[in-house]
Structure formats: structure tokens, C-alpha cells
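Residue numbers (our numbering), protein chains in the order written: chain A, 1 to 175; chain B, 1 to 541; chain C, 1 to 197.
It is worth saying that the hints were derived from the structure and are not from the lab.
Errors might be hidden in some of the hints.
Stated by the list, open to error - The calculated EDC-like cross-link candidates involving lysine to aspartate or glutamate, where the alpha carbons are at most 20 Å apart (straight line), are:
(1) K277(B) to D40(C)
(2) K224(B) to D40(C)
(3) K178(B) to E191(C)
(4) K338(B) to D138(A)
(5) K68(A) to D170(B)
(6) K181(C) to D40(C)
(7) K32(C) to D170(B)
(8) K220(B) to E48(C)
(9) K177(C) to E276(B)
(10) K181(C) to E281(B)
(11) K34(A) to E281(B)
(12) K181(C) to E160(A)
(13) K421(B) to E160(A)
(14) K279(B) to E158(C)
(15) K279(B) to D178(C)
(16) K15(B) to E48(C)
(17) K178(B) to E49(C)
(18) K19(A) to E90(A)
(19) K15(B) to D147(C)
(20) K224(B) to D155(C)
(21) K107(A) to E72(C)
(22) K75(A) to E365(B)
Quick caveat, the model's predicted, so the values are computed rather than measured.
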Amino acid sequence: MAEVYIIGQILGASDFPNKSLFCKWSIHAGGGWKLISGVKEGQTQIDDPAFGNFTCWCHPVDIHYATKGPQGWPKIHVQVYHYDKYGRSEIYGYGFCHIPLSPGTHKLECYTWRPVGTLHEEFRRYFLGGGIQLRSIDLIYSSSDRYRLQTEAMGTVHMEFSVILRNFTKYGVEI
Amino acid sequence: MFYKNELDFMPGVYKCYGDVQFLRFKIRLEIIKSSMISFSNVEEQETGLDPQYNEREEFEFLWNQKVFSPREFKYYSDVRNCSTPVENEYYNEINKLISGGTKSLTNRLFTYTSKDIIPIHLHKNIFYKEESCKHSSQENTLSSLFQQRLCVLNEKFQDWSLLPVRNIIDYYPSDELKMQNRSLFFNCETMYIVADLSDKSHNSENTNINNNEHILVTIKWNKKTHTLTVVPDFTSLNTAGYRIDVDMLSDTRYVYRYWLLNISHIEEESRIQKMEKLKNEFVTYRTNANFTLDFEIPFKNTINVFVFVEIQKATNFLCDNLFVQYFINLPSDWTAEKPDLLSGITQLCRCGNIENVVTFSYVFELKLTKTLSHNIQNENDISEYNWPQFFFEICSLDSWKRFRVEGYSWLSLPASSGRHKLILNTWRPASISQKDELKRFFIGCDPVLTDFTYPGVSVNDNSNLLSRYGFETISSGSIYLELNIMRQIGSNVTASRKCSHLADRKVTTLMNSVNYILEAFKKARQRMLLAREPILLHTGI
Amino acid sequence: MSLSPPENGFLITVIGQIEMADFPDFDNIYCKYCFVYGSDWELISGIEEGISQVSRKSQDNRKIFILNFPLEICFKSTNPYGWPRIVLSIYGLDSFGNDVIRGYGMYHLPVISGKCTKIISTFVPASSSLLQQMTSWLTGRKPEYIDSRVLAYGDGREVTRVISQGKVWIMFNVMIKDMRKFGFDNIQRNEIPTNVI
């Protein structure tokens, strides 16, 4: 049984239309993966930067998986929300990223997109906030239906992960 | 004046397994009389035993052992001065000593334990010299806050294991919480070893005790973390010892040196040894038990290549509302576990607040298997080395439902494993006539490639020449991709072999070629024997 | 009472310093750090907590605070889960003379051996309403975390509002012993440069 340790943090975000953001993150792995310790999902704090354009979350991630094979390698899924001054939150972006395979420290940039509705819905969103959201994120995993989605590009989520592997070379895996 | 053999006045921080009650240390104090102090010491070799010492005192201390100074001896022997239980205890001890006949255990060395109230004159200002800076008028500066904090040894206990899970913020913190958050060393017991350096030769009582008590050693014990802090650190007799600064003393004819030696020994060794043994056993169990053959292992002559692809974003395309179609072309000896994933379409995306950037954030993974043939004769066949190719087609579909092709690109699967960040530049076929340009603009009808493998090496092309002469293209934007590749080689799976997989591969090819040679030799020998048979038969052998 | 080097785990030794900080709005700061680690980890030697000196802003164009505060710590463990993190709390005096919080930061110790300098962004909890903001500015009691070590874990931060301001530079020198012996692979692979095709 090989083991993977993912240690790192979700640093923050940049290039979004507004700076007051928070993020719900979750790590998904295939069926042959077993979570031994750590939490695989969470929600960051709501940050409003005083200077600059970088929203800082500094949210630690520490996970230990055991696996039967490299298939279903963990992916991180982020949902960025905007928290406005009235206390409402609206979705600002969905993003996906693979956790890197090779051991060592890696900087990741996850580009996000937001689903876009009809003209009527966009008009409503402009004035009242709260645009359309995905009903379930499983839609994104099944690649056959994704082409029907109309989206808009949003900002980037910056993450830094360090990966430690164990026992992979015993099974002939070259990394 | 800095002397080259002087010890650095460094604190020592130790993490201890045993309890502090096993701590024993010895202090040696030497007072050396010297007529010329400043210059002669530079040339002398400063070693521990100075034959010209005037006075030497040594004493072995235990943790929190109370040794009385002459001043304290006099003070606590008077029953009117003793009111608290601690003071009464001292009074009883002193009485015992007096009745036992001894006046005091030591001459100059004494201690202040954690139960004592430290005299104010010992709270030296550690940042500045006493005369140069007066802080009494500046109440609100940070350094005075620090003085307060350092002088008052707070015995507040903070439970380290309980962290608040809800309500982690206090919106209006009290002074106590603020103090607690900004301080260190909770639950710390401190012991001071002090030397009385007054002039003993004169029998008159020196009433000015403020200048003659010097803290030699400060020992702090943190019960919770089992950390012992010794300021200055332990030393040995082979060094020059620590020197007491003579500026404060009236009599500068003397040089004051001291050494701090650690002579504690652990009595409960067996318990600690047992703990270590258990830990070792646990660790070996953990390292060995994890290796079960529960991992998927490929067959002997196959290579599994796991590819994790992310189509991240596309930039510098002229049109909006883009999507990417991808196809993967596998050579004949490659198979994919899930053939559905060999082609796919991302979602449609338009530019957001950053110009010309379109994000897809599309991830998928593939498990490709290559069957190796160890037939040496196929070494020169180029098809043995064909690797999978990725083809990308970027198209746009706008609100008027005009479909256009924005670019084509191709990529050969990288041969090395690891993380690959790639930027693919694309091109699209140029229109031949003006009519085609107008068609493309108004109704979105583009010339489209019929063979999607054309951007790479086409599968239909078996000739030796790759020529695209006459084909005109317009350069277009770029796609950002990230590929994570991991390879698993079937013949490299071993449990106990420690040499690297590269060496294994060389060994197997070497063995294969040696086997081949042996077989060829056997065949040649048989042929030779067959050829020689008629000759041998003739001669009757 | 002193320890001999342990053999039943891998060792991580980190020697470094908190070099400098950049807080545009403030004039003086001091920094407190502490290390937080998982239950499989054990502190072998070194100082777990510390408070730096009080530093005043430099008067040149850079306008930074130089701390040069040393860090030295050695851990032993059998399991990389719970990798040690450093939690920083930065305080300073405001114009009324009150000691207020200026920033919190958290970072994992580097997982690979070698030298690296990290820039940590810091943040403070935000007041819940405008009135409270005025009150805390006047009385000098800005919202603080009850225990700053809660930042080392992700729990509990869900609906907390923070304002990020300031950066701290920390330099780490990491030495790792015996991780390979226990089967862990943490050797950084050479980064394949971005290919433009």
C-alpha cells in the first residue's frame, strides 16, 4: 500500500472583480484511495485586503492518503465566493486542479470560471447579486455534459502544496 | 575588552525526559587578586586552575535547594520577620542549622528559589545600563511594558491541548487575555544562584548590599513542556569560565570567574530505556507492515503511463466564447483503460474582467498501457517508439450561433515523468479567397481539417517525406496546459531489491542479449554438426 | 538529563530567522512566534516560542521593519502528518499607546531540505460592525484570536472576517535526516521548464 502526504496551504486569490472573498475547498480522490488522517474539505476565512489585490487566506491543508494505484489521484476543487458588505455571498468561480505527483514543493494556480445564465439572469445579477450556481459539481466530472455549460472566466486561486510519497518506488513507479 | 578564550554567555535550552528533581549541578567561584587586570590577561593563558587564586568556593546544588545568604540568615533567624508559611519554614531551617553548629553551608554562594520573592535590586534593566536611562516617567512605552512582564513571573496555567473551535475571535479582548497572548513561559519555575561578592576581609558589615549580589546562573523549568533553560549554559573546567562584569563593584583589583558543571545522573534509566525500546518496536512494525501487495502491479512486459491533464486557460484569441476539443491518438501497441476519455469537449467560456483570457480548468486523467516486445530484432523498427499524440482544436460558438475554428495544435506525450507546464501555440487554416473570409465573418463557416491528425504526423502518411507545402495558415492564440505523468514499469516491481530501476533495465537488456547470443551460438553449432556429419560418417567416427 | 540522538524516527532541523516585515500603516512592531505540530511529532531541542525585540520602521525608501529574529528547532517524528507550522503574531503600539494586534500569519516549515525565503502575508480579524470598529480604535482593544494557535488548523475559521495587511519575510535552512530510511520520498524533482510549443 503506497502512501501520499499532502501538506500545504491555500494562499489566496487574485484577479477577481472584487477583493472580499472566501473559498470552499475539497479534495476528491478515486475509489482506491483511503483517507487516513486530515480533513479533506473546508472553508477559508473571509478576507478583505487593505492594500493590493491579493486576497489572503493562508488556509492549511494536511492530508494523508493510502492508495492502491495512481488512478484517481487527488484533485482539489475550489469554489470562490464573494462576501459583500451586506453579508450576502454569491458564487464567483469554480476551479479544479490536480495535486502534483512528484515529491517536493509546488506552486499551483487554479483558474476559475463562473456559470453564466441568460440575458435576463445576468441583468438580475448585475443589480441584485446572486447569479446562477451549479446544481451539483458532479456534472463537471462527467465530461460528456460539460459542453452545454456557458461560463465566464474569473480570477486565479494560488496554492502551494508539498507532496511526500511513500513506497511508490517499490511498485515500480517512476516519478 | 574581549579575550579570545572567554566563553560566550549563551543560554542552554534542554528538553528533558526525566523530572527536574534529578538535576544536580556544581558551581565553582574563584576570586583572583591581580594587580594589573586589564592588559596582562591578554597574554596569559586563562585556564581553570589559576595557582594564584585568592579564594575559591564550590558547592553542589539540587533543584530549588534553598541556600541562605548571610543577609537572609540574619533576617530569617529573627522570628519577628517571619510571617508567611515560607518564611516560617526558613526560620525552622535556620534554627536547625544553628543548633547543628554550622552557620551557613556556603560562604558566598546562595540561591533564590521559585518560592522566594526576588529582591528589587536584582531586577536589572536588561536593555540598558542603569544609569543611562530612566524609565520612571515614561509609563506607556513598550520597554516599560516588557519590564513589567519580565519582572512579574506569571504562574498562569494555560491548557495547551484545548483550542477553541467555535468563536475563535474575541472582539473586545480583556487586559488579561491581551497579556496572556503576548507573554511566554507559562508555568515556569525559576531558580537563581547568586554570589555575594562583598569584601569579606573587613569585618564591618557592608550595608550597601545592592551592588554586591550578583546573579550567576538562572535556571528555568517549564513543567508542561519539560524544558530546562540554563542561563548561562553548562561548561567544563577546561575553559576559562564566565567572568563577572566588574564595573559595578567598588573594588576592581579582583577578577571574578565562575564555572557551572552538570553532574546530574538519571536514576530511572530503566523506565526510559523501556520506553525507547517500545518506541523502536512500534516504528519497525510500522515501516514493515505497510508493504502489502495491495497495489496494482502491471504485467511483466508492460508499462503503465498515468497521465493527469489540466486544460487551464487560453489567451490571445480574437474571438470570445471558446471551447476546446481534444483527441488522443494511440499507436498500435498502446491501449487505454477508459477509451471514452480519449476525446472530449470542455465547456464554453467567454472573457471575464481580464482581457483576452478564457479559463477552462478542465481536468481528466488517463491510464495508458504500452506492451513491450522484448524481441531484439524490432529494435530498429521506428514504430516501437511511437508515443501517444494529443490533438487540440479550439473553436468558438458565439451568441449568434456562429461556429468557427480558432486554432489547431498538437502535442506528443512527454517522455519523462513529472510535472510539465506547457503553452501550446495554435494556428488555423487560412481562407483561400475573399468569399471565404466573408463567409467566416457572417455565418461562421470555416475551412476545417478533415484529418484531425494532420497537425501531427498523420497516420495515413507512410512516405518518408513530410511536406505541408502549399498549405497556408494564420497564427492564433495559445493554450496553457499542465500534464502530470507517472510511469509504472512492470518488470521493476520488487520488494527487496535496492538498486535503482535504471540499473534493473540495463541488466535485463544485457541478459536478453546474452541469451540471444547463446541461442544463436547453439543454432550455429547444430548447423555445423549437421554439415560435418557426412564427413564424420565417412571416417567412421 | 541530556539526550542522545534518537534513532526511531526521522529528524527535521530548522535554523532560520524572521528577517523583516512590511506594514505600511504602522510605526513599530514586535513579533511573537510559536511552533504547532501534530501528535506524532516530538520536539527534540530548540526554542518553541519566542518574542522579538520592538522594531521601528526604517527611515529610507523601503520603509520596512528589520527583526533578524533567530529560529532554531529540531523535531523528531515517524509520520509526516502534522508537519510543524510556525504561527506568527505581530503586535505594536498605536498612537494612544495601546498594545494592539497588527497581524497573524501561519506557514508550514519547508518539506524539502535546503535554504528558502518565504514571504508570509498577515491578517487581522475585522470588527463586526462600524460602531465596534470605532470603539476598538478608541480604547485600543482590537479583535484578537483567543489563541493564535488555532490558525495552524483550518477549523473554526469559517465565517470569520479578516483584513489582510502586511508581509513578513522568513528565511529557513532545513536539514532532514533519515526520511529516506523510512521509505518517504521528499526529494524535489528538477522543475521542467515551461515549454512553449
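For this session: Please flag the earlier hints that this structure goes against, numbers listed from lowest up.
Result: 3, 5, 11, 12, 14, 19, 20 and 21
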